[in-house]
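Build out the structure end to end from the sequences listed, making use of the hints.
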Amino acid sequence: MGINILFKGINFQRLMGGLWVTLRLALITIGLSCVFGLLFGMLMLSKRKTATVICRLWLEIVRFMPQLVLLYIVYFGFARLFGWDLDGETSAVIVFTFWGTAEMGDLIRGALTSIPRHQFESAAALGLTKVQIYMHVLIPQALRRLLPQAINLSTRIIKTTALVKMINVTEVLKVGQQIIGQFYRQPDAAFWVYFVIFLLYFLVCWPFSLLAKYLEKRWA
Amino acid sequence: MDGAFILAHVPDYLSGAWVTLRFGLYGVACSLLLGLLCCLLRYFRVPVLRQIAGGYIELARNTPLLVQLFFLYAGLPRVGIKFSAEACAVIGLTFLGGAYMAEAFRSGIESVDKTQVEAGACIGLTMGQNIRYVIFPQALATAIPALFANVIFLIKETSVFSVLAMMDLMNVADTLRTSGGRTVEVLFMLMVTYLLILLPVSVLATLVERRLRYTGFGN
Chain L
1 MGINILFKGI NFQRLMGGLW VTLRLALITI GLSCVFGLLF GMLMLSKRKT
51 ATVICRLWLE IVRFMPQLVL LYIVYFGFAR LFGWDLDGET SAVIVFTFWG
101 TAEMGDLIRG ALTSIPRHQF ESAAALGLTK VQIYMHVLIP QALRRLLPQA
151 INLSTRIIKT TALVKMINVT EVLKVGQQII GQFYRQPDAA FWVYFVIFLL
201 YFLVCWPFSL LAKYLEKRWA
Chain G
1 MDGAFILAHV PDYLSGAWVT LRFGLYGVAC SLLLGLLCCL LRYFRVPVLR
51 QIAGGYIELA RNTPLLVQLF FLYAGLPRVG IKFSAEACAV IGLTFLGGAY
101 MAEAFRSGIE SVDKTQVEAG ACIGLTMGQN IRYVIFPQAL ATAIPALFAN
151 VIFLIKETSV FSVLAMMDLM NVADTLRTSG GRTVEVLFML MVTYLLILLP
201 VSVLATLVER RLRYTGFGN
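Here the protein sequences line up with chains L and G, keeping their order.
First residue of the first sequence? That's 1 in this note's numbering, and the numbers climb one at a time after it.
First residue of the second sequence? That's 1 in this note's numbering, and the numbers climb one at a time after it.
These are computed hints drawn from the structure, not numbers from a lab.
Note that CB positions come from ideal geometry on N, CA and C, so glycine has one too.
Worth double-checking, as some hints may not be accurate.
Quick list of the computed label-pair ranges, beta carbon to beta carbon [as the list claims (entries may be wrong)]:
| id | chain 1 | residue 1 | chain 2 | residue 2 | range |
| --- | --- | --- | --- | --- | --- |
| 1 | G | Gly-128 | L | Thr-129 | 54 to 64 Å |
| 2 | L | Gln-132 | G | Leu-36 | 20 to 30 Å |
| 3 | L | Ala-51 | G | Phe-83 | 23 to 33 Å |
Calculated Cβ distances over 12 Å to all of chain L for the following chain G residues [to be verified]:
| id | residue |
| --- | --- |
| 4 | Gly-3 |
| 5 | Ile-91 |
| 6 | Gly-128 |
| 7 | Leu-212 |
In structure tokens form, the structure reads like this:
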């Protein structure tokens, strides 16, 4: 059975190491997207026309361009355009943060606008200060709406970071190919390696999906 | 920017766009069917099949298309299950898209109030008529935005088909980039072509949504 090769030597650790490369990229991206997304969401709600138009345009670019195209532009294009020779992982963080910021920002905008105006007015009528209104009335309600969607976006980011394979980052698929190359005498090696990678991704993303679904049901 | 270079390679991009669009649409069409089937299996609580559909949806939604394609194209042949690159592309996209479409249909069906179905039964509609005239139109109207979002998502996802050695847009651009060194022009055309494919889809989505916006009645 070809599955044995996964437990020969340090093959499994190597595979996990490859998975960690994309997961680390995803975690950095998610963190940055949350921070910048908050700014983005607030800008979208601002009364300045230029700010909202720029955000709108940014969001449309991200919605229409495949992430792989954006990766190519930053990885190959920026070297040509600006002379920046970025390595694969840096390009990936730039692109996925550019994408994640807009998506997260849009979710934050949606969560903030979903709170009816009377919530704010009633709280003010009760004599709460502005800080109290935000702390006890608006933010808790906005978070309930936001959190399940933000978790779903995070699983999308984790899945999308698999694309760094296409800009020469040695991640889990590349490590898998190396292992298959070493065990070329084992005909079904490729089947088991790719099957295990498939399962690994599933095991990483599934708990997040379940959590999002649970929160959605609980807070609906 | 070299205008002559861009003009000279328009046909290359057109052929790439045709591959992207064609296989994207095959995938979308199959996804819609698979998604509808899975949604119905779960809605009518068909034993066993409903659990299989549920498991499939979780599996497909929580793995990247790139990994699915590697498994299909490079993994399965080693245990004797062989597909052509084109078949892998459609199967992979359908596997991924079916799950997303099923979720979109489900949100549509769940949005139809139970009283609607009961009211339909009260005025003497059969189950079939109820589905045809009461549930389906309302569910579809609610699901349309999500369905179109999935169509755009799936067409974007076709960009990884180049790992199947298919000459889609991405692969055309990559080949030109490595051979010619005109990176900026190549990537500029790539963006424009994707935009030309996806903008009409987005416009169509807006038109259809506007046309079907009749479920808000009474709210």
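For each hint, the structure was consulted:
no. : hint                                : in the structure
1   : Gly-128(G) - Thr-129(L): 54 to 64 Å : holds, 59 Å
2   : Gln-132(L) - Leu-36(G): 20 to 30 Å  : violated, 49 Å
3   : Ala-51(L) - Phe-83(G): 23 to 33 Å   : violated, 49 Å
4   : Gly-3                               : holds, 17 Å
5   : Ile-91                              : holds, 14 Å
6   : Gly-128                             : holds, 31 Å
7   : Leu-212                             : holds, 21 Å
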